[in-house]
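What follows is each chain in one-letter form.
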Amino acid sequence: MCSISGIINTDGTPIPGDVIIKSIASMHDRSNGLGGGFAGYGIYPGYKDLYAFHLTFTDPEAKQRTEEVLKNCVMIHKDESIPTEDNPEGAPIFWRYFIEVPEKVQEFEEDFVVDLVMKINSNINGACVISSGKDMGIFKGVGYPEDIGRFYRIDEYSAHMWTAHGRFPTNTHGSWEGAHPFGLLDWSVVHNGEISSYGINRRYIETFGYGLNQGTDTEVVTYLVDMLIRKHKLSFDQAATVLAPPFWDEIERLDDRELVKKLRIIYSSAQLNGPFSIIIGHRNGMVGLNDRTKLRPMTVGRFNGTVMMASEECAIRAVSPDVEEILYPRGGEPVIIDLEEHVTS
Amino acid sequence: MLPAEFFVDITHDHCRRCGRCVLECGFGALRQKERIIADHKKCVACQRCALFCPEQAIHIRKQEHGYKQHAIWTPEVRNDIYRQAQTGGVILVGNGNPMPHPIIWDNLLLDACQVTNPPIDALREPIELRTYLGSKPQSISGKLPDQIEIETPIIFPAMSYGAVSLNTQKSLAGAAKELGTLMNTGEGGVHPDLYPELDNIIVQCASGRFGVSYDYLNTAMAVEIKIGQGAKPGIGGHLPGEKVTEDVSRTRMIPVGSDALSPSPHHDIYSIEDLSQLIYAIKEATDYGKPVGVKVAAVHNIAAIASGVVRAGADFVSIDGYRGGSGATPKVIRDHVGIPIEIALAVVDERLRRERIRNEASLICSGGFRHAGDVAKAIALGADAVSIGTASLVALGCRVCQQCHTGNCSWGIATQRPELVERLDPVEGTERLVNLVAGWSIELKEILGALGLNSIESLRGNRERLRGFGLNASTLELLGVKEVGEGQ
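Which chain is which? The protein sequence lines are A and B, in order. Counting in my numbering, the first sequence runs from 1 upward without gaps. Counting in my numbering, the second sequence runs from 1001 upward without gaps.
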């Protein structure tokens, strides 16, 4: 089942962390205690030009080996334990690093960071990079989302945009690393659904050099988004067409059918088939997307300068009881909130 | 010295001596005197007489020779030796490999949705089978070359005019047009009667170059260079002069009555760079407006070969497994050379992905596809489309008697004898083929629906939805498939 929620202030003003906890907690019954998490954007204003790496380690040796790798290739400006309440049994070590990449790689620094993340996740047993973007961070684990929120003291952070997830895992076991949001660079993805095309999506993205470690469909979605938008320079609209394309007979009726047809033919293996409802966070905003036949719920609400997207309306009303504008996007129709343009489509 | 393989059992009490059976037999095994007399040695069990007898008075039975039982020196082995001792020749056969080898398709099982994601009702919701064949760029910034659009991933493979009758080709072409899919002329040229269906035809350029001309290359949807065939890898073609009638001679551009011999290699292709030259020569001749593909037989090193073929410029690769059919093949080759399509497809798809060139060519697979289940499994392993040769001939009436090479086909399929050819009505043939492929296509949609997928591209290469049952570890590894019971 799963629950997802996202909130963004389009004027960039900060939202306290307890707001998003209140929203996701209202959908308690959609998760089963095996995973919850949060992504906050704008939470590290003091280090906003540095990559904030959130890592989990199962043991001190993994931490030591990771730090050796980091020290060899990047400059660590600051590192510290991620503040938490008392660790529950089985929880890993949480650490964050504020990193500057060397000048010589700055032309392709995002590729460099992606490679570094892949290297740590694949090669160092017990280490996992949870998030790797600038001025953002992901906090997640095994538990109900409201408990995870309290555990990470999310109420002590403020962000102009939050996403959150409550997990009810079906295909993979519940783990601290496998919880959502899933992140790479400043991308974060929360996902309610099950991608039935996972097998081919995975084989497809692997041919572009992405290494998959978690074996979850959310991981694949994140990498597809990174490739389509950052590497192949697709717009959010075009990427949404690739991930949840119209049916062929619908395409015939579109004004831009040639482009849509081309996108669908070239990226046929990137199509996400099966029920899903996702919120993609990034440095400039938030995108909501449903599968093309809308087999999972997604509601959008707008009040003042704030936009919310969530699995259920209650998650929006929990924050703004009198919200007037409520939308239900159609399957495959992306809801794009761009901080720079404030555009909703 | 050679005993009859079959016994034509005529119940004379029921027979009304109408003589229909005598007319129907393409092999001259029946005569009418005072009653019907069978020459059992000539019977090939094509079943034509038995099915057309109005009194159902004929039954074809397998002869029990009473040979002393022996696991090695089986009756078939002994009979082949007697035959060769008599003639000193090569044993020729038709059809594909009949050996009782394991069929890997039967050890692969498909997945279905339960609870966590919903299955889709194929009768109520849209499920898409449309497929595009041809080279694709890696990203949107590249140019998308011309694609062949087909409405189902099932196509008809190369069967030449000469090997099969014109009515067979007309049935196939008519069905391809109605279904929005493709037929393939094989290496025998394209007969003018097929011109109305050119938008659904692939023309072939094989080692004999029969019928190949500038117009021929430009006339259809795509061109396929034939390097090999699953039933006879490394062996050329032999159309006996008796089958080269006036009409065949015009279409093939060879003299009437002359044997049409296709050499084993193309004599201008002795290596991969020569293949590349031919691919680009054809692309030049067709103004880069048509996909150019290459057909190869599945052999031991197929992954490397296919990779080379793609790098040589092919827009699609047709891989024919060792169970693929043939109009005429030496038995020793048919039964002992090549590898199964299941493995060939799996290793080629994986190799092309690892080399990051899978997008550059489509994969068309053939060689013993029996039903929609086989097709779905092939697509899950990575095929873009599947060719059904023998199954389409069976739909036209073929009884798999394996006598295609004799040219006496009683069903009007693998023959040029006018009185036999006219038995196959192309209108009815088209209808039967349309029915078959339409039926399989609905079944494919049912399978996709159960898998919770509403388009075929989400099954293509999706090996996660397959599990192996009773296969050994190395086969599973080659297939890239997990064992039953293993989760995602």
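Please note that the accuracy of each hint is not assured.
[Said to hold, decoys possible] The list that follows gives simulated cross-link-like pairs (lysine to any residue, SDA-like), each with its CA atoms no further than 25 Å apart:
#1 B:K1143 x A:D249
#2 A:K119 x B:E1355
#3 A:K231 x B:K1482
#4 A:K231 x B:D1111
#5 B:K1143 x B:I1279
#6 B:K1143 x A:P45
#7 A:K261 x B:V1022
#8 A:K261 x B:K1177
#9 B:K1143 x A:F208
#10 A:K119 x B:D1146
#11 A:K294 x B:S1474
#12 B:K1177 x A:F208
#13 B:K1143 x A:R230
#14 A:K119 x B:G1142
#15 A:K231 x A:D249
#16 B:K1482 x A:E340
#17 A:K233 x B:K1283
#18 A:K71 x A:D49
#19 B:K1041 x B:A1122
#20 A:K262 x B:R1356
#21 A:K22 x A:K262
#22 B:K1143 x A:L259
#23 A:K22 x A:D49
#24 A:K262 x B:P1098
#25 A:K294 x B:K1143
#26 A:K261 x B:Q1138
#27 A:K22 x A:I265
#28 A:K261 x B:E1483
#29 A:K233 x B:D1111
#30 A:K48 x A:S158
#31 A:K48 x A:E110
#32 A:K262 x B:D1111
#33 A:K134 x A:F57
#34 A:K294 x B:V1115
#35 B:K1482 x A:G174
#36 B:K1283 x A:I265
[As the list claims (entries may be wrong)] Partner residues aside, some chain B positions facing chain A, computed with beta carbon under 10 Å:
#37 P1118
#38 A1122
#39 E1125
#40 G1134
The set of hints was computed from the structure by calculation and includes no laboratory data. Even for Gly, the Cβ is constructed at its ideal location relative to N, Cα and C.
Q: Enumerate the violated hints, using their earlier numbering and listing them in ascending order.
A: 3, 4, 6, 7, 10, 11, 12, 14, 15, 16, 17, 19, 21, 23, 24, 25, 27, 28, 29, 32 and 38
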